[in-house]
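Sequential numbering from 1 applies to the sequence shown in this note's numbering.
Once the Cα atoms are required to be at most 25 Å apart in a straight line, the calculated DSS-like pairs of lysine-lysine come out as:
no., residue 1, residue 2
1, Lys274, Lys128
2, Lys128, Lys216
3, Lys217, Lys128
4, Lys75, Lys128
Listed next, with one range per pair, are the computed distances between beta-carbon atoms:
no., residue 1, residue 2, range
5, Thr314, Pro253, 15 to 21 Å
6, Leu304, Tyr327, 26 to 32 Å
7, Pro64, Lys216, 16 to 22 Å
8, Ile222, Ser379, 32 to 38 Å
9, Leu165, Pro245, 15 to 21 Å
10, Leu182, Tyr327, 24 to 30 Å
11, Ala266, Ala294, 16 to 22 Å
Derived by calculation from the structure, the hints in this document are not laboratory data.
Virtual Cβ for every residue (Gly too), placed ideally from N, Cα, C.
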Amino acid sequence: MKQLQMQSRADHNIRILFWATLFGSVNFLEPILTLFYFERGLSEAGVLWMTLCWCMAVLVFEVPTGAFADRFGAKASFLVGSLVGMLSTAVLFFADSLLLFCLSNVLSGMAVTFFSGSEEALIYESLKEEQREDEMSGVMGKIQSAIYVPAIAATLFGAFWARDLAEDQFRLLILFGLLAQLVRLVLVFRVANPKQEDSFRDNPFQHVKNGMYVIKKTPDLIKLFLNFTIVFIPAVAVFGKFEQPYLNLSGLPVEWLGVLYATGSAVALLIARKLDWLTGRFSRVTLMQVTGIATFLMVLTATLIQNSLAVALTVYFVLRISRTIRYPLYSHLANGYIPSGSRATTLSLLSIADSLFDLLIIGGVALISTLGLGAAQYSSMTVIFGVCALIILLGNLAPIRVAKEATKLQELKHQ
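Starting from the given sequences, assemble the full structure and let the hints guide the process.
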């Protein structure tokens with residue numbers, strides 16, 4: 001404890017979360033995940049049902065786990081989330097049916113919710129103790145950069161090791177993932193809850209009530225959320241699913257996809273680590289606006305041009321860079337509107353809204369594709385990209401503002 005007091009509590013938590021995020025992000029199956037599902041007997045429809053189970057789990061567990069974090073602290077939330085995540089991965093070791101894969105995804109979605117919001121709340125409250133809130137976007141960028149280190153290694157090693165798509169190769173990769181998650185579990189034991197967080201231990205329903213009050217009384221927070229979410233979902237959750245066939249159609253051989261993804265992760269890592277430099281020269285609002293417009297232009301370009309490798313590579317890297325920049329900036333701006341005490345619950349409520357938009361946007365695009373709208377003139381992928389571009393454009397129309405002292409909500413009084 002004396003060692004913790006000698007150093008900054010915020011710096012201690014930032015360092016622990018960086019390494020916990022790094023080991024928690026290790027997934028050697030990632031570059032061949034869909035092929036793994038197919039080898040275990042799932043169909044394309046099964047993969048979609050499985051993904052829906054994950055989305056529904058996030059939707060159901062977001063608020064309860066956020067309230068759990070506000071009631072018992074971020075450290076307890078991380079510990080439970082790490083254990084549930086390990087259980088989810090363990091199920092994959094022997095999963096051979098849609099039911100077991102759905103169970104794994106439900107547990108995975110549940111595990112994510114124990115970290116969702118709690119990480120941001122812990123960092124923001126830790127920084128706030130030391131009057132360092134302005135460092136939030138840079139810190140989140142550094143923590144986010146932790147996911148790119150294992151992504152580079154996992155993309156290259158996982159695809160190489162499981163190149164034969166053999167069962168023993170799959171199981172070894174799953175075992176490696178479990179070992180990495182065990183390291184994360186050990187790391188989160190060292191998280192130190194901020195004093196401010198320890199002072200709020202209300203009934204979970206009070207935290208939910210507070211979170212609803214914050215969102216209802218802060219329209220600028222809602223607009224910021226809409227700008228980020230309506231751009232992110234079609235650009236990542238939808239367009240990202242068709243990224244590989246788009247690149248391949250444009251002339252990139254399949255065997256080079258792993259190299260491209262590793263390079264993209266390296267570029268994203270560099271950008272994330274230099275986010276402080278960017279925010280020191282450009283306002284966060286400007287960066288959000290520029291990356292939002294760039295995302296729209298790239299998806300529109302992919303809609304119109306699908307036979308040029310140079311264009312496809314440009315689209316890939318610009319979208320990767322924009323995605324890397326936007327989340328830490330959104331996290332910083334959103335936390336500026338949210339008072340202490342029920343921060344994790346408020347962020348979880350926003351995540352629930354995000355999950356609803358997931359179902360609406362992904363389901364809507366899937367319905368358009370299934371009905372074959374526009375298929376007489378264009379390919380299915382072109383129609384999907386065009387719809388995504390339109391949705392992203394609409395998302396960019398939501399204005400973004402920085403929370404000023406005069407417009408911030410006062411800290412809620414607990415009764």
